[in-house]
Amino acid sequence: MEKIKLHIGCGTLYKEKWINIDNNSDNNIEKLDINHDLSKGLPFDDESIDFIYNEHFIEHLSKEEGLQFLYECHRVLKIGGVLRISCPDLDSIIESYVNNNWREQDWVKRYNYEWIESECEMLNLNLNQSPWGHKYVFNSKELISSLEKVGFNTNDIKKEFFSHSQYLELQNIDSRID
Numbered sequence: 040m041e042k043i044k045l046h047i048g049c050g051t052l053y054k055e056k057w058i059n060i061d062n063n064s065d066n067n068i069e070k071l072d073i074n075h076d077l078s079k080g081l082p083f084d085d086e087s088i089d090f091i092y093n094e095h096f097i098e099h100l101s102k103e104e105g106l107q108f109l110y111e112c113h114r115v116l117k118i119g120g121v122l123r124i125s126c127p128d129l130d131s132i133i134e135s136y137v138n139n140n141w142r143e144q145d146w147v148k149r150y151n152y153e154w155i156e157s158e159c160e161m162l163n164l165n166l167n168q169s170p171w172g173h174k175y176v177f178n179s180k181e182l183i184s185s186l187e188k189v190g191f192n193t194n195d196i197k198k199e200f201f202s203h204s205q206y207l208e209l210q211n212i213d214s215r216i217d
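Heads up, the sequence shown is in the working numbering, so the first residue is 40 and it goes up one at a time.
Please keep in mind that the hints were generated in silico from the structure rather than gathered at the bench. Note that this is a predicted model, so its numbers are computed, not measured. Be careful, since some hints might not be right.
Unchecked claim - Only pairs whose alpha carbons sit at most 30 Å apart, straight line, appear in this in silico DSS-like list of lysine-lysine:
| id | residue 1 | residue 2 |
| --- | --- | --- |
| 1 | Lys174 | Lys102 |
| 2 | Lys180 | Lys70 |
| 3 | Lys44 | Lys117 |
| 4 | Lys180 | Lys117 |
| 5 | Lys42 | Lys148 |
| 6 | Lys42 | Lys70 |
| 7 | Lys188 | Lys70 |
| 8 | Lys198 | Lys117 |
| 9 | Lys188 | Lys198 |
| 10 | Lys188 | Lys148 |
| 11 | Lys180 | Lys197 |
| 12 | Lys44 | Lys198 |
The whole structure should be built from the sequences, with the hints applied where relevant.
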């Protein structure tokens, strides 16, 4: 039986053999399987999904919206299903601020943000003044705590590195190292 894999907040990164879902409010997504406002929950039955992947999505939600989103992921995942979240790490952002090596962050170089003038501007761009619509940036501790609050088992939560996973379906799937 083929695994049901959900790619949430896919944006313009369509993944073959995944159900790609996003709210195409800007009409900039050319290929999309489901156009859905994710603030309205996930349009799937309880325990119906094997894998959920999202990359640089959860930081676009408020803390409360993020908890609701994580609850929805927990609800739709099958027993033994896997959720992979790739998002900016607040601790890394702050570390780059404190160590004044923020210009070395992947996103600064990749997206030509060399115009940023200071570490203060960089920090604000990542947080409350984000031109990308960031609302709440997690660190590992806060994300794990939030996952536990909505029902995920502490023993099953693992921090993985860029593109690494014990699951073949989740290996080499990340597109953004930050």
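*Compare the structure with the hints numbered earlier in the document and write down the numbers of the violated ones, lowest to highest.*
2, 5, 7, 10
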